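Q: These two chains come separately, so use the hints to put the complex back together.
Protein chains in written order, with the numbering used here: chain A, 1 to 296; chain B, 297 to 445.
One thing to keep in mind: the hints can contain errors.
[Unchecked claim] Chain B regions said to be covered by chain A (calculated; three or more residues, Cβ under 8 Å):
id, segment
1, 341-347
2, 417-426
[Stated by the list, open to error] If you want a taste of the chain B side facing chain A, the calculated C-beta under 7 Å gives, among others:
id, residue
3, 331
4, 411
5, 436
No wet-lab data here; the hints were simulated from the structure. What you are looking at is a predicted structure, and each value in this text was computed from that prediction instead of being measured. Backbone N, C-alpha and C define an ideal beta-carbon position, used for all residues, glycine too.
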Amino acid sequence: MARKRKGAQSPPKTPQKARPQEAHAKLKRPLRKPVPRTPAWVPALATVGAIALLVVVFLAIRYFNTPPAPPPADTTQTAQVLSTITSLPDSEFQQVGAGSSTNRITPVTGTALTGPGGKPLVFYYGAEYCPYCAAERWALIIALSRFGGFSGLTTTTSSSSDVYANTPTFTFHGATYSSQYIEFQAVETTDRNQKALETPTAAQRALVSRYDTGGSIPFVDFGNRYAFNGATYLPDSLQGLTWEQIATDLQNPISPQAQGILGSANLITAAICKLTADQPAAGCSGAAIKSIEAHL
Amino acid sequence: MAGRDRVVGALIAAIGLAGLAVSVYLTFVHYSAAPLVCSTSGAINCERVLTSGFAVIGGSTLPTSAAGIIWFIVSAALAVAQLAGRASPLLVRAQLAWSAVGLATVVGLVFIEIVMLGAVCLWCTVAHTLVVITFLLVITVGQPAAEDG
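Extracted from the complex, chain B is given alone in its bound form (with noise of 0.2 Å):
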């Protein structure tokens, strides 16, 4: 493996225990009821978002960032195997596809923020922006190193 590509590796591993991070502490907000640091009032509005009906998954009880803790889990996991020693075609495709999953879930969740409910969480924009570094991260450097090696 590259060096570039250890670089990438570690980078995207890191953003996924930082991603990580996010989602668990959402995800125990959504389950303690505990008070969010974050406005709400404007159009940066946490609680308006995190209350909403968007807010589980197809109605359910289980809060969209639970799906975010697996999504960030998979990525870092993708990443430590490649550094492994483990890299593969199929390895640098599957993280492809992956990151294309999370990056097509966040213009959809952006989609729901704005049109939808008119006001952004600023701890789900965090959890998109890393999705979106990450997705950036696999197509310009990760891919062609991979791949070339």
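Isolated chain A, as found in the complex (with noise of 0.2 Å):
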């Protein structure tokens, strides 16, 4: 407005006074030199690239707090460590109850399943690599041991490549199970590096397809009357340990790896001991067994 009513009083004067405005305004753009601005990848692929070596330094995080895998127990070793987690008291079973396992445990219906013998058969589908059936397997033998007795268990780990990597554990491969109340059959799919170690049969295949319709392993069915998969209690407890040092662990009742293990079998004891009309009394009988019975 100031400048109309100025241009207004004397007209000549004001293209005068823009002229050398816009001449200085046109000499001085050329002297400032235009600030290059950062290209429009460059944080994108800074982005990419932090992003990157984050993962990498997550993996080595990782990679230096894998427990290493156990050295491997010999035969002695072995022997003793079975020893102890097959007789323990049963006055620890009582106490340490459902423990802190969770119970997967559910009825199925079909037919009655038998083994050759005609006695009721436990099923267990699993494989060396997977760290749930390393976990289950000390369970399973401990709860099986109240009903009969191994002979050719050895020793392994789960794989170190996978989650709860070199979980120490036994495998079913090779070994043997005898009993005057139950049967028990037991598949190992592959070895702990995921190489195929044994092949269900035909029957076998079958109960997987039925029961175990999520595919998860471990996969245990006991007789057709009641079936479990995954693990009733997680391998976190067992790692880093050596078996010597978990059978050691299950004598005390209120150590992790008692109330996962011990806790594990007591359900799976239950389970099979409505199988067999809860004989043996002396493993069926307990205050806690009856407990987990009526709840199956």
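A: And the structure:
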């Protein structure tokens, strides 16, 4: 407004005033060195690089925190460990009860499953690489040993590249089981490096297809009356321990290992007692087993 | 709004819808206990991740995927708002901030998967990748063009 008024009062002066300003501006423009703008792809590339670096760092942290595989147990050590875990006092089982285990055992329907000897059949389907199978085998061995006995069990560890790497355990591959109450069949489909080990029969495949619809392992069928898949406790309490250390820990009922393994063993024992009409009384008459049986 | 910005906005909105679908599926599986279509062994193990204590928000029963639902809805809504001609520096900054929050959350979740659990959930990784792509789109194409406009 002020400019217009000035211009109206003295029109000839206005263009004379504007011209030097424009000329000055024109002169100034080339003198300003344009600041180069960061190309749009630079921050994106930096972001992708930073994410990749973080992932590598995370993997390195994981690698250096993964417990190494325990040194393999020899025959004498294996026998000692098995002797310890299959002769735990009944009072300890009563004290632990279900412990920290999760009852995944559910009733199923179908023709009663029996073994070649006509006794109720317990069927296990798993693999040596599988950490959940590794955890569950401790409980299965302890529970089944209350109805009979194993021979030929050997030690192994779960895969070193899976979750809960190198979990110490035993394998059913090459082992035999005998009992006057039940029969037991096990299929370990692959070894700890996921190489083929055992092939299920057509009948065993049919059981897995029918009752393990989620495809999770381990899968255990109790005479087609009860079944579960997955682990009834997590393998984390076994991480970094040797077989001997676990066997020692199992003698302490309040240890995380006893709470998980013996709690799961009690669940499995209760399911088997249902199959055997609570025989033998020594294994099936305890209050802890009766209590679990009531909830199955 | 420039043509390039419209394409980016449409892409971010589409990614939001895709991420929403993944998050809704994971939330449905959480509440229905339906079996998840995913590997349960090896390093890719959705079951291991989604049954861990980290799969719920702050010890509640609310699955982490529910937060994903909210994130993808907001991200898509911000993109649609810009597509609808409401582009403003404030909206652009909001989208940048929102995608940065998403990226930071993804880094935290990947840390949990790799370091704490030693397993990766494939479905979660799909959602994480969608968040990262959204962030990259916002900082590379969307942001400078919107500021220019």
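Q: Does each hint hold? Answer for all of them.
A: So, going through the hints one by one against the coordinates:
Only when three residues or more bring their CB closer than 8 Å to a CB of chain A does the claim for the segment 341-347 of chain B stand; here the count is 3, and the claim holds. Figure legend: the segment 417-426 of chain B, annotated as covered by chain A; annotation inconsistent (0 residues with Cβ-Cβ distances under 8 Å, at least 3 required). A distance limit of 7 Å between C-beta atoms decides the matter here; for residue 331/B the minimum to chain A is near 5 Å, and the interface restraint holds. The closest approach between the C-beta of residue 411/B and any C-beta of chain A is roughly 5 Å, which is under the 7 Å cut-off, so the hint is satisfied.
The closest approach between the C-beta of residue 436/B and any C-beta of chain A is roughly 4 Å, which is under the 7 Å cut-off, so the hint is satisfied.
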